[in-house]
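K.L.:
Could you build all of it, start to finish, from the sequences and the hints given here?
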Amino acid sequence: MNYYERHLGDYARDTAHLSILEHGVYTLLLDRYYATEAPIPADQAHRLCRARSPDEREAVDAVLAEFFVLGDDGWHSARCDDEIAKFRDAAPANAARRENARDRQRRARERRAELFTELRRHGEVPAYDTPTAELVTLLSRVTGRDVTQPVTGDVTAIHTPDPIPQGERDTRATALAIALRQRGVMVSGTSIPVLEAAEAGVTPEEVIEQSKAHPGKHATYWLKAAITEHAQRVAFEAAPTPLARAGPAAAPVSRTAQAIANLDRVTTDAAGNPIFTAPELADGRDRRRPETPALPRA
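Taken in order, the sequence shown gives residues 159 to 456; the numbers are from the numbering used here.
Hints are not guaranteed to be accurate.
[To be verified] SDA-like mimics (lysine to any residue), calculated; alpha carbons at most 20 Å apart, straight line:
1) Lys382 with Val343
2) Lys244 with Arg190
3) Lys244 with Asp189
4) Lys244 with Leu188
[Said to hold, decoys possible] FRET-style restraints, in silico, Cβ to Cβ:
5) Thr329 with Asp231: 36 to 44 Å
6) Asp287 with Ala259: 17 to 25 Å
7) Gly167 with Asp219: 22 to 30 Å
8) Glu195 with Thr173: 16 to 24 Å
9) His372 with Arg264: 20 to 28 Å
10) Glu282 with Thr329: 33 to 41 Å
11) Pro284 with His372: 14 to 22 Å
12) Asp261 with Asp328: 15 to 23 Å
These are calculated hints, taken from the structure and not from any lab test.
Being a predicted model, the structure only gives us computed values, none of them experimental.
The beta carbon of each residue, even a glycine, is placed where N, CA and C say it ideally should be.
P.N.:
This is the structure:
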């Protein structure tokens with residue numbers, strides 16, 4: 159057990175008469191009992207409590223005699239045994255809840271990857287940390303249809319990852335934990351955020367990149383940001399490329415360019431007067447342009 163409930167009112171009522179030394183002994187014994195889920199070995203009680211002096215040994219003996227019962231396998235506590243039994247009974251349900259939570263997070267990541275892919279296909283590139291609700295709203299607006307349900311089946315199929323073997327996931331998690339330690343964060347490869355990042359395929363380089371981009375954030379933020387950006391990168395790489403155009407469209411000719419071309423067609427006589435050879439320029443005006451109506455006189 160990594161934790162246990164400590165009801166302050168009950169503890170204060172049952173231990174109000176203990177000395178400060180005996181309080182410390184009782185706490186050490188409880189921590190040991192729950193951590194090992196086993197009774198206190200009778201021949202190790204003093205050593206487990208770091209009792210060296212006669213007063214310390216006497217405090218250990220007093221606490222054991224009052225709150226524990228000596229059995230064949232060590233000193234027992236009825237309250238501790240009950241709590242450990244409840245913990246073990248609830249362990250399968252707790253494991254199922256954790257697995258369900260991981261599955262929900264996995265589906266949420268896949269959903270976001272689908273949304274990013276579909277938006278890119280329509281020319282929209284939202285920020286990696288855009289909330290999912292905003293992605294849904296944006297996609298509904300650009301497609302003109304309701305996308306509250308999962309998007310197209312082919313996109314879903316692209317981004318449904320094959321299950322990662324546990325051994326490979328644990329190897330990735332260890333590499334991520336080492337990368338975080340290099341950034342000054344003491345974290346275990348068995349922590350849930352690290353395992354989720356490893357399962358999502360995040361690399362140590364991506365986590366380090368997030369730590370440098372967000373130095374004031376905690377490690378969990380770096381891992382979640384790396385998961386989102388990794389999913390976005392995968393979605394971008396898997397998105398189909400646009401079809402090549404048949405050819406470049408002819409650029410429209412500006413009026414200035416047309417005027418320069420007309421000037422090239424003008425010749426001059428011996429006196430330097432212009433000679434308009436093109437019929438539309440015979441009187442010095444380009445008759446292909448619409449006539450501007452004259453303003454009425456006052």
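K.L.:
Now tell me if each hint is right for this structure.
P.N.:
Each hint, compared with the structure:
About 15 Å separates the Cα atoms of Lys382 and Val343, which keeps this hinted pair within 20 Å; it holds. With a C-alpha separation of about 18 Å, the suggested pair Lys244 and Arg190 falls inside the 20 Å cut-off, and the hint holds. Pair hint Lys244 plus Asp189 holds up; C-alpha atoms about 17 Å apart against a cutoff of 20 Å. With a C-alpha separation of about 16 Å, the suggested pair Lys244 and Leu188 falls inside the 20 Å cut-off, and the hint holds.
In this structure the supplied range 36 to 44 Å holds for Thr329 paired with Asp231, their Cβ-Cβ distance being about 39 Å. About 21 Å separates the C-beta atoms of Asp287 and Ala259, a value consistent with the hinted range of 17 to 25 Å. Under the hint 22 to 30 Å, the C-beta atoms of Gly167 and Asp219, about 27 Å apart, fit the expected range. Take Glu195 and Thr173: their Cβ atoms lie about 22 Å apart, and the range 16 to 24 Å holds.
At roughly 24 Å, the beta carbons of His372 and Arg264 sit within the given window of 20 to 28 Å. Distance hint check: the CB atoms of Glu282 and Thr329 are about 36 Å apart, consistent with the given range 33 to 41 Å. For Pro284 and His372, the Cβ-Cβ distance of about 19 Å falls inside the hinted range of 14 to 22 Å, so the restraint holds. Under the hint 15 to 23 Å, the C-beta atoms of Asp261 and Asp328, about 19 Å apart, fit the expected range.
Going through the hint list in order, the structure satisfies each hint without exception.
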